[in-house]
Amino acid sequence: MKTQYKASANRHWKKLDKLSKSASTDTIENYFLKDTERVSKYSIALKELYVDFSKNLISDEIFRELNYLAATSPLLERRDSMFKGELINLSECRSVLHTALRDPAFQDKNISEQIATQLDKVTKIAGQVRSGEWIGSQGQIINNIVNIGIGGSDIGPKMACEALKEFAHPRLKLYFISNLDDEPIRSLLNRLDPRSTLFVISSKTFTTQETIINTQVAVDWIEEKLGITDPLNSPHFVAITASPKLAIKHGVAPDQILEFWEWVGGRFSLWSSAGFAICLCIGPDNFRRFLAGAKKADEHFQHTPLKENLPVQLALISIWYNNFLHVQSNAIVPYCERLSHLPSFLQQLEMESNGKRVDIDGLPIDYDSASVTWGQTGTNAQHAFFQMLHQGTCYVPVDFIGIAKDSLSEAKQHRMLLANMLAQGAALMSGSHHDDSFRDYPGNRPSTTFILDELTPETLGLFISVHEHRVFCEGAIWNINSFDQWGVELGKQLTLELLEKGVTPTFDASTSSLFKRLNTTVD
Numbered sequence: 001m002k003t004q005y006k007a008s009a010n011r012h013w014k015k016l017d018k019l020s021k022s023a024s025t026d027t028i029e030n031y032f033l034k035d036t037e038r039v040s041k042y043s044i045a046l047k048e049l050y051v052d053f054s055k056n057l058i059s060d061e062i063f064r065e066l067n068y069l070a071a072t073s074p075l076l077e078r079r080d081s082m083f084k085g086e087l088i089n090l091s092e093c094r095s096v097l098h099t100a101l102r103d104p105a106f107q108d109k110n111i112s113e114q115i116a117t118q119l120d121k122v123t124k125i126a127g128q129v130r131s132g133e134w135i136g137s138q139g140q141i142i143n144n145i146v147n148i149g150i151g152g153s154d155i156g157p158k159m160a161c162e163a164l165k166e167f168a169h170p171r172l173k174l175y176f177i178s179n180l181d182d183e184p185i186r187s188l189l190n191r192l193d194p195r196s197t198l199f200v201i202s203s204k205t206f207t208t209q210e211t212i213i214n215t216q217v218a219v220d221w222i223e224e225k226l227g228i229t230d231p232l233n234s235p236h237f238v239a240i241t242a243s244p245k246l247a248i249k250h251g252v253a254p255d256q257i258l259e260f261w262e263w264v265g266g267r268f269s270l271w272s273s274a275g276f277a278i279c280l281c282i283g284p285d286n287f288r289r290f291l292a293g294a295k296k297a298d299e300h301f302q303h304t305p306l307k308e309n310l311p312v313q314l315a316l317i318s319i320w321y322n323n324f325l326h327v328q329s330n331a332i333v334p335y336c337e338r339l340s341h342l343p344s345f346l347q348q349l350e351m352e353s354n355g356k357r358v359d360i361d362g363l364p365i366d367y368d369s370a371s372v373t374w375g376q377t378g379t380n381a382q383h384a385f386f387q388m389l390h391q392g393t394c395y396v397p398v399d400f401i402g403i404a405k406d407s408l409s410e411a412k413q414h415r416m417l418l419a420n421m422l423a424q425g426a427a428l429m430s431g432s433h434h435d436d437s438f439r440d441y442p443g444n445r446p447s448t449t450f451i452l453d454e455l456t457p458e459t460l461g462l463f464i465s466v467h468e469h470r471v472f473c474e475g476a477i478w479n480i481n482s483f484d485q486w487g488v489e490l491g492k493q494l495t496l497e498l499l500e501k502g503v504t505p506t507f508d509a510s511t512s513s514l515f516k517r518l519n520t521t522v523d
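Every letter in the sequence shown is one number past the one before it in my numbering, and letter 37, counting from 1, is 37.
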C-alpha cells in the first residue's frame, strides 16, 4: 500500500517554510501586545486538564497554515483507521489498538472480550495480593512487588506508580528492575524477605535479554532461600507477555500468566496487563479510573475539530519548531516531584515512536522527525540547566506541568512551587534587558504550560493519552510509522555476535580494540 504523500511537497508546508523566515524577527511579546485575546485563542481546556500554548512563537497566520497542513495530511484518515483497528503499522503488518484497551464498547467483539477477560484477571490477582489472599509458598502475605522488565514494560508502570503513590496500598512496596547491570537486583534482594516477595516478569516476547537474565537471578534467589525446585511455578512469580506458550515453556503456571497482544506496542502497553504493577499499586477501581481518563482523551481526539483538538495542536507546535525553525530539542519540566519519571516516559514515547528516517512507504524523508526530548522536575531543573534555557545559544521550547491542587503538599510551599513555574515561563518569554551583557536575558523563549486540577488516576490517564495522540499526529503529518522500532534490533544482533564469537572481521578496528581491552585482565 503506497500512500503517495510527501509532507515537504504539501503547499502549506512550503508556505510555512516561507513564514518561518519572518518569524525569526517576531517576538512572542509583540503577539500579546497586538492581541488582547491571545490567551483564550491559544489555550484549550480538556476536562481536568488546561493547556496554555500562547507563549509560543506562532502568529495567527502561522497557526492557520499549520492547521491547513494537518487537514491536508494523512492525519484524519489515519486516525480513523487506527480507531477502527485497521492495519496502520505497515512494516509489521499490525493493527494499533492500545485505544481499545480503554474502550469497553470497542466495535470488534472478539477483541473486546479478550481485553475484558484479561482485565478481569489482572484486577482479580491484584485484588488478591492487596487483600492478603494471595500468599507465598510458606504462607506469608505478599509485601514486596518486584517488576522485572525494560522499555515499555518498565518506564510506563514505574512512572505511573510513582505519580500515583498517594493511592498506593500502605503495605505493598514496589520496586522496578530493568538494567542488565546486576548490581541493582542483587542489592535489592539483599534487603527483601523472599517469603513475602512477588516477582512480576514483564516481557512481550518473553525473550528480552535483560528481563530473562534478571528473572534467572530472581529464580535462583527464591530456589536458594526457600528451597523451591520449580520457582516460576510458585506463587512468587507472575508473568506478563504476548507469548504465553513461551512463558509456560519456561515453567510459569498458566493461571499466573497475564496476556496482552502483538497489536499493543511496548510504549503504549501500560493500559494492558503490562500495567499490572500499576493495578497492584493503586488498586483495581483506581486502575479502571486510569483507563477512563485515557478514554476521555480518545473521545476528544476522535470527535473534536482540528483547531480545538488538543493533541493536534500540540503536534503542530512541535512540527513548527522542529521542521521550520529547526529547533530539535524539547524540555519537559514537571513541577511535581511525583512526576519525576515523566520526562523519561515522554522521551521514549516521542523518540522511539518518531525517531525515523524513512516514511511509511520506506522512502527517505527530506525533513527532520522526532525532537530530542529530555527534562527534570522543577525546581531542581532551575539549578541544573535553566541557565542555558535563559541565556544559552540553544533555543529550547519548554513544557511546564503543574498540579493546581496537591493534597500531599503543604499549601504555602505548593504556592511557592507553582510561583516558580509561572515565573520561569514569564522570564523565558519576556527576558530582562540590562546594560551588563552578563545579566541580560534576551527572552523570546517559548513554553507551553499544562495544568492538571489534581494528580489522580483519571487525570494522569488523560494526560498520557493526550501525549500518545500528539505523537501519533506528528507521525501522521510526517507520514512515518510511529509504531515500529527497527532501530533497536542491530545493536541486539551485534551484542549476541560479540558474546558468542568475540570480535570477527565484520567489526571495525575501534570496536575490536575496545573488546580486547575490556577482556584483558590487568594485574
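If you're looking for bench data, these hints aren't it; they were derived computationally from the structure.
Worth double-checking, as some hints may not be accurate.
Said to hold, decoys possible - The calculated DSS-like cross-link candidates involving lysine-lysine, where the alpha carbons are at most 27 Å apart (straight line), are:
(1) K307 with K21
(2) K6 with K121
(3) K84 with K6
(4) K296 with K34
(5) K84 with K121
(6) K307 with K124
(7) K15 with K121
(8) K165 with K124
(9) K34 with K18
(10) K34 with K165
(11) K41 with K245
As the list claims (entries may be wrong) - Here are the computed distance ranges between Cβ atoms for each label pair:
(12) E224 with S131: 27 to 35 Å
(13) L499 with M388: 33 to 41 Å
(14) E224 with A292: 39 to 47 Å
(15) E92 with S137: 52 to 60 Å
(16) M416 with E489: 44 to 52 Å
(17) R191 with D361: 16 to 24 Å
(18) K412 with R357: 44 to 52 Å
(19) S81 with T27: 35 to 43 Å
(20) E92 with D435: 57 to 65 Å
(21) L90 with F32: 41 to 49 Å
(22) A292 with T27: 37 to 45 Å
(23) A419 with Q209: 43 to 51 Å
Fair warning: this is a prediction, and the values are worked out from it, not measured in the lab.
Backbone N, C-alpha and C fix where the C-beta goes; we use that ideal spot for every residue, glycine too.
Structure-based check of all given hints:
1. K307 with K21: Distance of about 24 Å is within 27 Å: holds.
2. K6 with K121: Status violated; Cα separation ~45 Å.
3. K84 with K6: holds, 24 Å
4. K296 with K34: violated, 35 Å
5. K84 with K121: Holds - the C-alpha atoms of K121 and K84 are around 26 Å apart, at most 27 Å.
6. K307 with K124: It is violated: about 42 Å lies between the C-alpha atoms, which goes past 27 Å.
7. K15 with K121: Status violated; Cα separation ~53 Å.
8. K165 with K124: OK: K165 and K124 at ~21 Å, within 27 Å.
9. K34 with K18: holds, 22 Å
10. K34 with K165: violated, 45 Å
11. K41 with K245: Measuring from Cα to Cα gives roughly 54 Å; hence the hint is violated.
12. E224 with S131: 27 to 35 Å: Cβ of E224 to Cβ of S131: about 29 Å, so the range 27 to 35 Å holds.
13. L499 with M388: 33 to 41 Å: Holds, since L499 and M388 (Cβ atoms, about 40 Å apart) stay within the stated range.
14. E224 with A292: 39 to 47 Å: With a Cβ separation near 43 Å, E224 and A292 satisfy 39 to 47 Å, so the hint holds.
15. E92 with S137: 52 to 60 Å: violated, 40 Å
16. M416 with E489: 44 to 52 Å: Taking Cβ atoms as reference, M416 and E489 lie about 47 Å apart, which means the hint holds.
17. R191 with D361: 16 to 24 Å: violated, 52 Å
18. K412 with R357: 44 to 52 Å: Hint holds: Cβ distance 50 Å, inside 44 to 52 Å.
19. S81 with T27: 35 to 43 Å: holds, 41 Å
20. E92 with D435: 57 to 65 Å: holds, 59 Å
21. L90 with F32: 41 to 49 Å: holds, 44 Å
22. A292 with T27: 37 to 45 Å: holds, 42 Å
23. A419 with Q209: 43 to 51 Å: Because 46 Å falls inside the window, the suggested range holds.
The structure is inconsistent with the numbered hints 2, 4, 6, 7, 10, 11, 15 and 17, although it conforms to all the rest.
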